[in-house]
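Peer 1: What follows is the residue order along each chain.
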Amino acid sequence: MGGIDLQRSLVEVLTGAGLSSGAAKAIWMPLPMILIVLVVTVGALVCTWLERKISAAAQQRIGPEYAGPFGILIPVADVAKLVIKQGTPPAKSDPLLYTLGPAIVFISVFLCFLVVPFGQNLLISNIGTGIFFVIAISSIAPIGLLMAGYASNNKYSLLGGLRAAAQSISYEIPLALAALAIAMMSNSLSTIDIVSQQADYGLLSWNILRQPIGFVIFVIAALAECERLPFDLPEAEEELVAGYQTEYTGMRFALFYGGSYANLVLAGMLVSILYLGGWELPFPIDQVGDMLGIAPSTAWWQIITAMLGITAILLKTYFFVFTAILLRWSVPRVRIDQLLDLGWKFLLPIGLFNLLLTAALKLALPSWFGG
Amino acid sequence: MVMIETKAERMVINMGPHHPSMHGVLRLIVTLDGENVVDCEPVLGYLHRSMEKIAENRTIIQYLPYVTRWDYLATMFTEAITVNAPEKLANVPVPRRASYIRMIMLELSRIASHLLWLGTFVADIGAQTPFFYVFREREMIYDLFEAATGMRMMHNYFRIGGVAADLPYGWVDKCEDFCHYFLPMVDEYERLVTNNPIFRRRVEGLGTIGREEAINWGLSGPMLRGSGIKWDLRKVDHYELYDELDWDVQWDTGGDCLARYFVRVREMRESTKMVLQCLKQMPGGSYENLEAQRMQAGPKSEWNSMDYQFISKKPSPTFKVPSGEHYVRVEAPKGELGVYLIGEDNVFPWRWKIRPPGFINLQVLPQLVRGMKIADIMAILGSVDIIMGEVDR
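Protein sequences appear in the order of chains G and Z.
Each residue of the first sequence is one higher than the one before, counting from 1 in the numbering used here.
Each residue of the second sequence is one higher than the one before, counting from 372 in the numbering used here.
There's no promise every hint is true.
Simulated DEER-style distance windows between Cβ atoms [what the hints assert, rightly or not]:
hint, chain 1, residue 1, chain 2, residue 2, range
1, G, Glu-65, Z, His-389, 30 to 40 Å
2, G, Leu-73, Z, Gly-521, 48 to 58 Å
3, Z, His-389, G, Lys-85, 46 to 56 Å
4, G, Ala-26, Z, Phe-502, 54 to 64 Å
5, G, Thr-249, Z, Lys-601, 36 to 46 Å
6, G, Ala-91, Z, Glu-696, 49 to 59 Å
Just a few of them, taken from the derived set where beta-carbon distance is under 8 Å, the chain G residues facing chain Z [stated by the list, open to error]:
hint, residue
7, Val-13
8, Thr-15
9, Gly-16
10, Ala-236
If you are wondering where the hints come from, they were derived from the structure by calculation, not from laboratory data.
Every residue gets a Cβ at the ideal spot worked out from N, C-alpha and C, and that includes glycine.
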């Protein structure tokens, strides 16, 4: 097993400097958390910039161009503006729920990144129930949306919150079923194991080839979970003004805004981990190392592979993000009944069928489908 | 057997006057049962500016700058009806060349109106991007208007007996270029929108109006033609010189939002063809040609006769609306735009009643949205194509 173990290296360095191993671990502990919050925030900000630039390109506009080169500082300006803006809660809102709603949405999305790996050991905690954890935690978010919609004392907000809840419930199930088929093939729920199991033959061993139906279900359900067009009913501008966000400004709105883009990044990460081989390159990098005669434990080789891995997973993630953004600016919105029909009458049966098919194939062809 | 009562209270929700998709300042009081619309009551009057009363103490030439504020997206039609009404009452002749210029302007204005309708209609369903594409072509039409009239929207171009100025040098060529450029663009819109499965499922069979119903509601324009009635005032009333052009009334039998979409898209194509024909058949041709002929043949030649003028006689500021009353109408992009004019041999009209198409067409909305979903309100309202400036006047 290759890969860098930063925790062990740092702890070794610190204990070598004379600290007790407990103190060294305590120093290590907040570092990955801060890192992940920063990385996810930057990832979400990049998404907002991409959204502006890609929508501009689709609509024959230029988009932001004065704030930094190609307008890359526009997300910074956005955040600065939202942070210093005064929050104005509506007069008869429920003050506690009104503030709690966006916080719950934001926290639940960020918590999911705990188990998202960027490399063999480049994740915060490799818990055995990785994918289950993500699905469980991310389904807390609709409660926050419902809270926000209810607490705003606004009918549009309430309708938006209710739509968000209905939509999340309907699409959580196909999403979980698609992930379950993957877990069945990988014999594990851990995100690390799921990726490792796709590592052997590069591109050819990625799950998208073995789970094409599951991939389609997962992508559709993930789009719906992110509330992106064509499934952005909870915040449909033409119908509900801005849905549950209608009464929000300033920092609280920034939490919703950042949370939704972080959620998009998360969906992209999950798609790349479950179906596109995670941090694996399209060719097996370990065998390349063997052919070049480099020992897998060589430090510089490990750093290069880790860098390539991070680049690979980011490219895959942002490819999904790009597709989602392009889709958002190309298609109209579905109606609420059509949305629920698609979830319950199409994706759910197909998801169950896919699960059954996977189980059958696993029994019939154990060498290919992870017996 | 005990049943669990799950029926919730009905919710009354106020949409507008400042809702993002209310096309201005329409206000709908919607009663909802969950996502279903139980009832809908439009409230009008937020953009009422007393247009009819203002007309009663303005001469026609003074009133002309006001009229483009009725339907501010199809401005040429409001001007056309404002000059047509006193023209017909006073029997003012219009030179053929002026009539052709008017037809060109009217059809371009129809295209501009339908273009903007297309953008907002698709945006109401959720696709924002076509809005930017339609503005690309609409800007070109407005450039043409600007070149000919000096203004992009509020032109003040029509005059009693003709138009305010002849087409400028080179305008005919530019207009022809635009027409040839525009037809493939309509195909592009159709490729983008028409067969999109989400779009089709959102509008097909939605807001259906039957043939009888459409007539009984007094609908006009694409709303009527979308319900299977081949009724176009350009064919019915034979005004201007539309009979000299080769064109067909565009209609569809579906009666739903999709049928109205088809009618409007086809009308854009048909109007482009009409503009092209007008440009070819216009007496004297382009301005540069007409001037050259005049110079060569001298002042007494046929090129200075009535047919080749852009206006029959410069209208006097004290033009009197003769005694009498009558109703004059034109086929505006939204439907039948009419004026009921009563004159009493005064410079001011005694009564100036406007029949705006949007106002009459909007009546049918509550019937159409009852029993539908919230999202359908926007799709149906979009397909009705209202402009609050003319609904409230």
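Peer 1: Compare the structure with each hint and give your call.
Peer 2: A quick look at each hint next to the structure:
1. A hinted range of 30 to 40 Å holds for the C-beta pair Glu-65 (chain G) and His-389 (chain Z), which are about 31 Å apart.
2. A beta carbon spacing of about 42 Å between Leu-73 (chain G) and Gly-521 (chain Z) contradicts the range 48 to 58 Å that was offered as a hint.
3. Judged by the Cβ atoms, the range 46 to 56 Å given for His-389 (chain Z) and Lys-85 (chain G) is violated: they are separated by roughly 21 Å.
4. The supplied range of 54 to 64 Å is met by Ala-26 (chain G) and Phe-502 (chain Z), whose beta-carbon atoms lie about 56 Å from each other.
5. Under the hint 36 to 46 Å, the C-beta atoms of Thr-249 (chain G) and Lys-601 (chain Z), about 53 Å apart, miss the expected range.
6. Taking the beta carbon of each, Ala-91 (chain G) and Glu-696 (chain Z) are about 55 Å apart, inside 49 to 59 Å as hinted.
7. The interface hint given for Val-13 (chain G) is violated, since its Cβ lies 53 Å from the closest Cβ of chain Z, which is over the 8 Å cut-off.
8. Taken as an interface hint, Thr-15 (chain G) does not check out: its beta carbon lies about 57 Å from the nearest beta carbon of chain Z, beyond 8 Å.
9. Checking Gly-16 (chain G) against chain Z: minimum C-beta separation of about 58 Å lies over 8 Å; hint violated.
10. Hint status for Ala-236 (chain G): holds, given a least beta-carbon distance of 7 Å to chain Z, under 8 Å.
The structure is inconsistent with the numbered hints 2, 3, 5, 7, 8, 9, although it conforms to all the rest.
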